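Mind docking chain X on chain G? Use the hints.
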Amino acid sequence: MRTMICMINIMILFLVLSVAVLCNRVYAQERAEGRGKQYCLDCHQQKGSEKKFADGSWVATYVNADTFSRSVHGAMDCTVCHQEFVQGHPHRSFRSRVQYQIMASRRCRECHPDGTITSRAIHAALLKKEVLGEAVVCTNCHSAHAITRVVAGNAVNAEEKRCMSCHSREGRMGFVNGEAVPTHVDTTELRGSPHKDVGCSDCHFGFSATEHPVRKFRSEREYRHSSSEICRRCHYDKYSKVAEGVHFALLNIGRLDAPTCVDCHGTHAITSPAKSRLAIVRKCATCHSKVYAVYAKSIHGNALFNEENRDTAICTDCHSSHSIKDTASADFHDYIPDKCSACHSNAAIMGKYGLSTEVVKTYLSDFHGMTLSLYRSETGRRFGPPPAMAVCTDCHGIHDIARVSGADMSAMKGKLLKRCSACHPGATENFPDAWLSHYTPGLRVAPMVYITEKFYRIMLPITVVGILFLVLLDIRRYLKNR
Amino acid sequence: MESVTISGNEEQVRRFCAYRIIEHFALILLFGILACTGLPQKFYYLGVSQSIIVLLGGIDNMRFIHHIAGGLFTMLALQHIPVNIAGVMFFKWQPSMLITFKDARDAFHNVRYYLGLSDNPALGTRYSYKEKCIYWLVLMGGCQMIVTGFVLWFPVFVTKFLPGIFIPLSKTVHTSEAMLIFILVITWHIYDSVLSPDVFPFNGSIFTGYAKKKQMKMRELSATGEDIRAGEPGLLVDRNRPL
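Respectively, the protein sequence lines represent chains G and X. Position 195 (the first sequence) corresponds to 195 in this note's numbering; numbering is contiguous. Each number in this note's numbering corresponds to the 1-based position in the second sequence with 482 added.
Bear in mind the hints are in silico, worked out from the structure with no lab data behind them. Mixed in with the good hints, there may be bad ones.
Below, in silico cross-link-like pairs of lysine-lysine (DSBU-like), each with a Cα-Cα straight-line distance of 35 Å or less [as the list claims (entries may be wrong)]:
# : chain 1 : residue 1 : chain 2 : residue 2
1 : G       : Lys418    : X       : Lys524
2 : G       : Lys480    : X       : Lys584
3 : G       : Lys361    : G       : Lys325
4 : G       : Lys196    : G       : Lys128
Derived list of chain X stretches under chain G, where covered just means 3 residues or more per stretch with a C-beta under 8 Å from a C-beta of chain G [what the hints assert, rightly or not]:
# : segment
5 : 531-544
6 : 590-600
7 : 657-665
It should be emphasised that the depicted structure is a prediction, and the values quoted were computed from it without experimental measurement. Think of the CB as a built atom: it goes at the ideal place given N, C-alpha and C, for glycine as much as any other residue.
Isolated chain G (complex conformation):
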């Protein structure tokens, strides 16, 4: 009897243990099926908790259950992304928040491999930088738990809604020196810009649905320069050109008034530069007002302002947009003929206005042009720096370029003599006539030169052919005599 009771007890114990194991398996299965999400949220719905990293940085552990359930991943269980938490809540340590985010981004890329995301330019650009060693963190743009479907800018719109809940209102962002900038963002302007499909956090790096770091800047200029660094992430090619330019050189010596990306392109109301050439000129005028006033009266400025001519030269045509060189440097001066040539050797453009396309060719075939082109090819191989050669702007002016016919012509001749005298002291009024003013010699212009050229053009081949003929006759006769 006692033996039987013992066996029954053992069976009951085995049954209880079996039920316990079964219950545990059922619970684990429930978690695996997503019903265990609430298990995680029991803790992670609590605000105020955070995970700290070795370098002192931190990340909030709070998850908004409503936002998450509306996100594209709302139907998924936490452990689909946080796979290491399937069997418990292991303690992990990271050097920094960035390291943690990079690890987290690897999970994203398991389901969204590179090949599936590179069709979007921003992904392609970021992955290109990753090769160069720059970390790519998915959550910087897409956020962690509030991810919405990326179709027709929905992700952007969702983010925009979050940001605009505050930034649609008037507000000011203050700086240490007392300056302030408005924080209001006009979404109409933003949607009309080339960045209409870019989310707020794409540019405002470090900001997301859950994070809004507080930053301190000493001045508005410091903030502007800091903001411009954001542009570099996607427009590195332009940034590297700017780094070679005169504006960046000013910044390098501590001049915070040096223009930066947002000064020329704007912030949220960025427009394509190709849309308005007039706007480009006016943008430059904000700093270069004196030059602007001179340019406005020139033949180029007149065509732009009075005729809205799209062919006329504007600031960026000569100075370029990003790699703006020091105009006092030989690098800029010696390449001025190339800049003028871009339009003045273009038959399609010049044909519209009946202008000659031979101007650069005639310049290069003359003393100054020929010497300049040799100086340029000798760069780095000469014994010393070459002297400055007269280029287009030396005769025609720089920003005050005038028409070279009619009443303006006589004024130009006066300027020409003055300019010639700078390098050729003692030059008389005959001296500038040595230059044929871009004309090729003809019966009407410089007939003496034209006739002389023709004479030699005929004489040279006759001489060569004549001599060869005589030599051949001499050899023939010699062979015959033998």
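Okay, now just chain X, sitting in the frame of chain G:
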């Protein structure tokens, strides 16, 4: 002409004095420098020109060398013309380089000879019509180069007296004439003095001062410098004077 000397098995006669030899040496040197520093300027866009320019330390250095050589060439020409005029006028030098009607007849005769209408070539004088032609073309061309080179070197000075158009005109003449002289020298003169079957492999009389008697015979000159065709003008040579 000086007495006959024997070199090897061939009899040689004195043809040029030291003055002419030095003058010709100087002319070769200056012509070479002017051509090497001038042609790359005319054809500056060619790779070989730019290599030469860089080799000489840049276009400024090349122009400097060209100017110096041009100045020396001017001095060579300036001494040559008055020295020879004075020699003919006061020292009884024979004006053997003057072009005569006989040269025209020789040229015409040689055309007939080349075409097979005559059995013998023209019998020249001390200098053949070919040598006279190249001499006068180089001399006249050289004078043109000197004048136009001066205009190009000192344009500010020149335009104090002349219209500015003379600068591009001088440039055209200078560069074109240079080409003409260069072609004449490297084709006609080199053929006539080096490659021609009559003198091949080399007529070195202008360098040694002596010419082969056999060759001089062809020019109807006796070993003593006297014309075997008596009565021809301008052939008697003062043996003690520069030629």
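Right, here's what the structure says about each hint:
1. The suggested pairing of Lys418 of chain G with Lys524 of chain X holds, with an alpha-carbon distance near 29 Å, which does not exceed 35 Å.
2. A distance of roughly 26 Å separates the Cα atoms of Lys480 of chain G and Lys584 of chain X; the hinted pair therefore holds under the 35 Å criterion.
3. Simply put, Lys361 of chain G and Lys325 of chain G have alpha-carbon atoms about 25 Å apart, close enough for the 35 Å limit, and the pair holds.
4. Simply put, Lys196 of chain G and Lys128 of chain G have alpha-carbon atoms about 22 Å apart, close enough for the 35 Å limit, and the pair holds.
5. Coverage of a stretch by a chain is defined here by at least three residues with a beta carbon nearer than 8 Å to that chain's beta carbons; for the segment 531-544 of chain X and chain G the count is 8, and the condition holds.
6. Counting residues of the segment 590-600 of chain X whose C-beta lies closer than 8 Å to any C-beta of chain G gives 4; at least three are required, and the coverage claim holds.
7. Given as covered by chain G, the segment 657-665 of chain X passes the check, having 5 residues with a CB less than 8 Å from a CB of that chain where 3 are the minimum.
In summary, the structure agrees with every hint in the numbered list given earlier.
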